[in-house]
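2 protein chains.
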Amino acid sequence: MAPNRTVEIVEVGPRDGLQNESALVSTAAKIAYIEALVDAGVRRVEATSFVHPKRVPQMADAEQVMAGVPRDRGVSYIGLVVNERGLDRALACGVDEANVVVVASETFSHRNQGMSIAEGVRSFEAISGRAVGLRVTATIGASFGCPFEGEVPVSTVASLARQCAEAGADEIALADTIGVGVPDDVKILVDAVRAVTDLPLRFHFHNTRNTGYANALTAVSLGAAALDSSAGGIGGCPFAPAATGNIATEDLAYALRRTGVHSGLDLDKVIAAAAFIGTELGAALPALLGRAGDFPGSLSAERAR
Amino acid sequence: MAPNRTVEIVEVGPRDGLQNESALVSTAAKIAYIEALVDAGVRRVEATSFVHPKRVPQMADAEQVMAGVPRDRGVSYIGLVVNERGLDRALACGVDEANVVVVASETFSHRNQGMSIAEGVRSFEAISGRAVGLRVTATIGASFGCPFEGEVPVSTVASLARQCAEAGADEIALADTIGVGVPDDVKILVDAVRAVTDLPLRFHFHNTRNTGYANALTAVSLGAAALDSSAGGIGGCPFAPAATGNIATEDLAYALRRTGVHSGLDLDKVIAAAAFIGTELGAALPALLGRAGDFPGSLSAERAR
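So the sequences go chain by chain: A and B.
Taking the numbering used here, I'd label the letters of the first sequence as residues 65 to 369.
Taking the numbering used here, I'd label the letters of the second sequence as residues 65 to 369.
Please keep in mind that the hints were generated in silico from the structure rather than gathered at the bench.
Since the model is a prediction, treat every value here as computed from it, not as a measurement.
There could be a bad hint or two in this list.
Distance ranges between label pairs, derived from CB positions [unchecked claim]:
| no. | chain 1 | residue 1 | chain 2 | residue 2 | range |
| --- | --- | --- | --- | --- | --- |
| 1 | B | 90 | A | 175 | 42 to 50 angstroms |
| 2 | A | 152 | B | 348 | 42 to 50 angstroms |
| 3 | A | 70 | B | 219 | 27 to 35 angstroms |
| 4 | B | 156 | A | 255 | 50 to 58 angstroms |
| 5 | A | 137 | B | 118 | 56 to 64 angstroms |
| 6 | B | 339 | A | 88 | 32 to 40 angstroms |
| 7 | B | 347 | A | 158 | 43 to 51 angstroms |
| 8 | A | 343 | B | 347 | 19 to 27 angstroms |
| 9 | B | 217 | A | 346 | 42 to 50 angstroms |
| 10 | B | 339 | A | 251 | 52 to 60 angstroms |
| 11 | B | 158 | A | 330 | 48 to 56 angstroms |
Heads up, the beta-carbon is just placed ideally off N, CA and C, and yes, glycines get one too.
Turn these sequences into a full structure, and let the hints steer you where they fit.
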């Protein structure tokens, strides 16, 4: 694939960013956070998760959040869906996209999803078959490594991508769930997945070991259509709040702009949205741009002269 | 240039890492920090700076540090030298290398060095001509951008590299002093500098806007011989202590190992050295590997099967 000059940023702060936070964020604050992100130019937002409220209490207000977000701004709202019951809820409240996770390691799949890899594929097939009118993403969790089993075979990831594509996925997302990958992993996985499907590729990186931005820029250079990120870089493990979040939307957008890749985001407004949710969480944010300040301009004429 | 399978890590924590810290670190602690780094496998250490003690009080004990570091472990010790008086001190206490900074923007050069760019080159020539027996590095500061002037022309950086090479430099280092660059900058600068000199290239990245690791891995992929980093990622601006340090040695070494690039470092021991200096500074460290934990293994057979 050729490098993209435009990439979609999928803002996942409202879902992946918040879901591990033990302090409950009010529905009003979640809606205000999403409104600020939309105002900053985000056009795909993973707004919530349709899981059992006992499992993820932070996402118990999924319907209320979806009822409150702006629907007249051209934004595509994504709900994380883990089973058919979740799909029913997602359909009922009018999300635009369903994100369905299939995990690429048996142990992690059992612990996280309560099912085997093969059962995960069947669950994806069932959800995809009934998700009429929704764009459906198959996110392959632990694509870059498993906290229990270590290395994950590339062939497993490619096989899952192929099966999900055959089952009707509209997009394949590769997730470095535990933040262990490096750019060479990205290249290897892109090659392997490209060999089995032409679907748009999306990537989900955590900056757990400081490799997330390198991976994201590599993915873009290899033709990724979309990247997940969270304003402020929220989304860390609850035991190390400022350490292991998603890559931050503002830092990613800075690097993309300087690389000459269009993301459509207003950096100052993303920083403001991050500051808002940081205040709600009462936590220091892993994102750096808000602290360091912008450095205006981009490569091109200036650098090449 | 072809990608390297080995890269030298130049540990700059004892110099760039500590120099902006307002709380004075004892000479004994500096020596213990360096000993821990040497024990972790570091073979090039920027140990101190020979500047006026009133300008950088933290480096006033340069001679005492150099008198205390282990000299029987095959380590090359580097001193930052800004003028001939500093060179005399460096020679007197037996450093192995002199690192001399020439800044690529007029305003920054005047503010940081008290001289114009052209005067900086003449100063480099004077120091290089008298640095008998020392390896001399020309570090081109603000190569990726200037906090006062904005974009820095690539032609200025290339011209400085050529002039310093002609003046006897043994190595050219390109420094992203304010942490604004992206991987495409690295490519542009490598191409421009490679057109004027075949000297070994070293890079100095700060992670100020979360692009430092991406830049470092790109530099290695383009044949960089050496990378600067600081254990723990210390070295930030005193006004934002945990935000804007050098790239962290342990996080860099992790990414290199997983990429299949040999750095010779023991990650656990680097983490321990970082924890030691973090305790001395009483500050949280920007490095992430010590918090996240290692993920053993590297690309290759495991990933390719």
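To see whether the hints hold, each was checked on the structure:
| no. | hint | verdict |
| --- | --- | --- |
| 1 | B/90 - A/175: 42 to 50 angstroms | holds, 47 angstroms |
| 2 | A/152 - B/348: 42 to 50 angstroms | holds, 45 angstroms |
| 3 | A/70 - B/219: 27 to 35 angstroms | holds, 30 angstroms |
| 4 | B/156 - A/255: 50 to 58 angstroms | holds, 56 angstroms |
| 5 | A/137 - B/118: 56 to 64 angstroms | holds, 57 angstroms |
| 6 | B/339 - A/88: 32 to 40 angstroms | holds, 34 angstroms |
| 7 | B/347 - A/158: 43 to 51 angstroms | holds, 48 angstroms |
| 8 | A/343 - B/347: 19 to 27 angstroms | holds, 23 angstroms |
| 9 | B/217 - A/346: 42 to 50 angstroms | holds, 45 angstroms |
| 10 | B/339 - A/251: 52 to 60 angstroms | violated, 33 angstroms |
| 11 | B/158 - A/330: 48 to 56 angstroms | holds, 54 angstroms |
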